[in-house]
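J.: First to last, the sequence lines map onto chains P and B.
All residue numbers for the first sequence refer to this note's numbering, where the first residue is 1 and numbers rise by one.
All residue numbers for the second sequence refer to this note's numbering, where the first residue is 1001 and numbers rise by one.
Read the hints as simulated data drawn from the structure, not as lab findings.
Lysine-lysine pairs mimicking DSSO-like chemistry, simulated, CA-CA at most 27 angstroms apart: (1) P:Lys141 with B:Lys1049; (2) P:Lys72 with B:Lys1113; (3) P:Lys45 with B:Lys1068; (4) P:Lys115 with P:Lys49; (5) P:Lys141 with B:Lys1068.
This structure is a prediction, so every number in the text was calculated from the model and none was measured.
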Amino acid sequence: MKKIGIVVASALFLAAGGVAAQAPNDAQIAHIVVTANQVDIDAGKLAEKMGSTKAVKDFGKQMVTDHSGVNKQAVALVTKLKVTPEDNPTSQSLKSGGQENVKNLKTLKGKAFDKAYIDHEVAYHQQVLDAVDKTLLPSAKNEELKALITKVRPAFVAHLEHAKMLQSKM
Amino acid sequence: MRTRTLRFALALVCAGALLPSVAVFAAEPAGAASAAKPATHRVVIDGLKYEPEALTVRRGDTIVWTNKDPFPHTVTATGKFDSHDIAANGSWKYVARTAGDYAYICTLHPNMKGTLRVE
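Looking at chain P on its own, in the form it has when it is part of the complex (with noise of 0.2 angstroms):
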């Protein structure tokens, strides 16, 4: 677990610590909000399978439908801009962190399955509101941009708390 932690904390470091090197720029910080929008679709459609609780896979499913109807209006949104979102060493060690959380999770079952998800909820959605707060609020340009990542930060912010319920409960 405290691997896991460890991975999600030094993804979006890049993400925080590239402010004072490299702010991102919008076609970047565009592909972050997909990214991270996308690498917790994948844990929660493997929770709505795996999660031994009907908290957990109702969790899982959340995740997925809150998620998923972010990036709907995020690729809506570029589309609209006519901005191609720019891969980027955040959202690639977003990518690698999510890709090694599903890997790990594929090894548990039952309550360690439960677990070990849903403290990983409770770490990334903290890492990400931290990215949000510090870097790419404060690096976007485009004001549609900056509107849709304050828009959804709420949701982000009710996803930490549902899961720190839920990992009290456990």
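Here the structure of chain P is known, so what remains is to put chain B in place on it, guided by the hints.
T.: Chain B only, in chain P's frame:
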């Protein structure tokens, strides 16, 4: 709108000490509109907020919640009314039949809170 702002300002000024008078203010029917005709009120759900967050209606009025977020929300006052999932860009209609104060939340995002007062 102006009444609401004024009322809010008054509520702020009165703060704790004059709570009873604030309550009286809040209980006044908004706009004292057409006496008996049922009205339709709209609440927009946007950015995980109910707008307006607090709404006062009369018995028989209809309230329509419209979800502008890209994922589902609910309007749920446990044991009183429950929209279940309102899809993105969907809406849910409720006719207020019973007077009372109803605090509601979104069961999917419980940090979303709203209140409905039926007079």
